[in-house]
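Student: Sequence:
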Amino acid sequence: MQIMRFSTDTSFFGYAALLVFLACPLSVLGQTDLTPYQSNCQNGTTGVIELPNNSGFIMAVTDSTFVRYPEGSIGLVPGALRLNAPLADFYHEYILDNTLYLVHGGGGVVLAYDGQNFDRIDRSFLHQNQYRGTPFVYQGSLYLFGGNGLFSSKNFVTRYDFEAREWYLQKTQGSIPALGFNHIYQGLIVGESFYISSSANTDASEEDKATQWGKNAAYRLDLKTWTWHYLGGLTPVPLAGDKGIPELQNNIGFQSQGKYYYQSQEGLVCLDFVNNILRIYKEQKLQYSSAKSDLIGYSASGNLLISYCDSADRFNIVAVSEATLADHLIYEDSFYQEDINTFYSTIISLLALILFIALVLVLVTQLRSEGRLVIRIKQALFIYKGKRIVVFSEPERDLLITLALEGKMSLPAIEDLVSDAIDSSAVRIKKRERLIKSLNDKIGALFNESPKYRSEYFLFHADTEDRRIKVVALNLQHFKVL
Numbered sequence: 002m003q004i005m006r007f008s009t010d011t012s013f014f015g016y017a018a019l020l021v022f023l024a025c026p027l028s029v030l031g032q033t034d035l036t037p038y039q040s041n042c043q044n045g046t047t048g049v050i051e052l053p054n055n056s057g058f059i060m061a062v063t064d065s066t067f068v069r070y071p072e073g074s075i076g077l078v079p080g081a082l083r084l085n086a087p088l089a090d091f092y093h094e095y096i097l098d099n100t101l102y103l104v105h106g107g108g109g110v111v112l113a114y115d116g117q118n119f120d121r122i123d124r125s126f127l128h129q130n131q132y133r134g135t136p137f138v139y140q141g142s143l144y145l146f147g148g149n150g151l152f153s154s155k156n157f158v159t160r161y162d163f164e165a166r167e168w169y170l171q172k173t174q175g176s177i178p179a180l181g182f183n184h185i186y187q188g189l190i191v192g193e194s195f196y197i198s199s200s201a202n203t204d205a206s207e208e209d210k211a212t213q214w215g216k217n218a219a220y221r222l223d224l225k226t227w228t229w230h231y232l233g234g235l236t237p238v239p240l241a242g243d244k245g246i247p248e249l250q251n252n253i254g255f256q257s258q259g260k261y262y263y264q265s266q267e268g269l270v271c272l273d274f275v276n277n278i279l280r281i282y283k284e285q286k287l288q289y290s291s292a293k294s295d296l297i298g299y300s301a302s303g304n305l306l307i308s309y310c311d312s313a314d315r316f317n318i319v320a321v322s323e324a325t326l327a328d329h330l331i332y333e334d335s336f337y338q339e340d341i342n343t344f345y346s347t348i349i350s351l352l353a354l355i356l357f358i359a360l361v362l363v364l365v366t367q368l369r370s371e372g373r374l375v376i377r378i379k380q381a382l383f384i385y386k387g388k389r390i391v392v393f394s395e396p397e398r399d400l401l402i403t404l405a406l407e408g409k410m411s412l413p414a415i416e417d418l419v420s421d422a423i424d425s426s427a428v429r430i431k432k433r434e435r436l437i438k439s440l441n442d443k444i445g446a447l448f449n450e451s452p453k454y455r456s457e458y459f460l461f462h463a464d465t466e467d468r469r470i471k472v473v474a475l476n477l478q479h480f481k482v483l
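Everything in the sequence shown is counted per the working numbering, starting at 2 for the first residue and increasing by one.
In case anyone wonders, no lab produced these hints; they're calculated from the structure. Among these hints, one or two may not hold up.
[To be verified] Computed spacing ranges between beta-carbons, pair by pair: (1) 129 / 339: 34 to 42 Å; (2) 469 / 408: 13 to 21 Å; (3) 464 / 358: 44 to 52 Å; (4) 303 / 339: 29 to 37 Å; (5) 352 / 392: 38 to 46 Å.
A virtual CB, placed ideally from N, CA and C, is assigned to each residue, including glycine.
Construct the entire structure; sequences and hints are all you get.
Tutor: Written as structure tokens, this is what we have:
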């Protein structure tokens with residue numbers, strides 16, 4: 002589960018009220034009744050971060066202090082560890098090997114929580130470059146995709162190296178997600194894939210929103226090859242009006258069981274990337290549409306936990322069962338419109354692959370059933386009944402390839418293949434006859450023909466251009482040239 006932001010109530014009265022809330026019994030969270038927390042939470046809800054193994058939560062109280070629930074223990078994160086940045090600014094959350102890691106919103110500084118205290122583990126700095134990025138964990142490493150810097154948005158992936166204690170750029174390829182300032186992406190890991198989609202942004206200007214819609218899309222990053230794939234443009238949601246899709250509120254979202262949840266004015270939005278489904282749930286009394294509501298995640302019993310501030314600025318936590326969610330489903334449709342170009346490209350590629358395999362099978366079948374010796378000129382290969390023949394010497398190969406390519410070869414030219422410059426005419430003739438006899442013997446053995454009944458594999462005749470010259474040609478009844 003990933004929480005993308007938490008806010009603080011820095012007032013003394015809010016801090017004291019939180020301690021009063023922590024005295025409430027844990028069983029309250031298992032109920033669907035509202036649990037009032039007498040706090041002046043005009044600045045929003047107290048940030049709630051889920052700990053590994055359903056062991057509880059931590060909640061930021063001030064810029065430097067947090068409370069662990071349900072124990073009620075109070076912790077301090079010194080300014081030196083945070084580089085004096087407010088604790089609330091560490092909103093990129095990761096859970097890896099039963100350890101909670103919080104990374105500064107702009108990237109860089111990494112805090113690790115061992116269940117009692119926070120410690121800084123990096124040698125980096127405040128990057129200020131990946132605000133509203135999307136964190137994910139893969140094969141024991143922390144990654145952060147995208148986000149915004151001061152003047153530009155990002156579409157790269159960075160990886161934290163635990164040994165070097167520094168962040169590095171992760172190389173990716175393919176259909177890299179589109180850029181656009183004030184562009185927000187949200188996503189999750191499912192198996193060996195990282196899915197993300199863009200979202201409408203409540204902080205963007207109307208002009209930005211108008212130009213942004215064409216870039217709103219869903220993507221999948223294959224983590225084995227680090228290749229991006231474009232899934233398609235997002236399906237407009239009628240409930241969202243001109244926005245096209247529900248706007249992400251409070252920068253809060255989390256993932257669970259292969260789905261991504263976030264709050265919007267239209268209700269609780271559930272994105273099912275794998276099955277291409279978008280669902281919206283809404284029930285006013287549960288304050289799904291509250292401007293001061295935060296999603297916590299799922300409890301051990303499977304209930305969705307939501308914290309929010311009601312109309313009287315009181316802090317509440319409510320547990321919503323799966324059945325309750327199902328009863329308040331108000332919208333369900335495809336999440337993204339599958340790219341038609343990608344669809345046809347995939348179909349064409351598949352058909353091309355099938356055709357290629359069919360041609361290969363036909364060729365292999367022909368070669369295996371072919372009763373002649375096949376000579377493949379470009380590859381200088383010799384094949385008989387589907388098997389590559391490698392028994393020929395270099396002069397024998399040269400003679401066969403030349404005959405296949407030129408159609409004929411004079412006797413003196415054959416002698417040049419095997420003779421030395423100092424050889425007499427008689428020696429040259431003997432070497433040429435020995436070469437042709439060796440080829441006849443080897444080809445006869447391939448065809449399983451005895452010398453007594455052997456066919457003529459080579460044809461000897463006078464050259465049509467000069468009748469005085471005797472030439473040799475392949476008997477194509479026994480050879481096939483490709």
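Student: Each hint needs a verdict: does it hold in this structure or not?
Tutor: Results of checking the hints against the structure:
For the hinted restraint 34 to 42 Å between residue 129 and residue 339, the CB-CB distance of approximately 37 Å keeps it satisfied. Taking the beta carbon of each, residue 469 and residue 408 are about 19 Å apart, inside 13 to 21 Å as hinted. Roughly 45 Å separates the CB atoms of residue 464 and residue 358, a value that falls within the hinted 44 to 52 Å. In this structure, residue 303 and residue 339 meet the distance hint of 29 to 37 Å, their C-beta atoms being roughly 32 Å apart.
For residue 352 and residue 392, the Cβ-Cβ distance of about 40 Å falls inside the hinted range of 38 to 46 Å, so the restraint holds.
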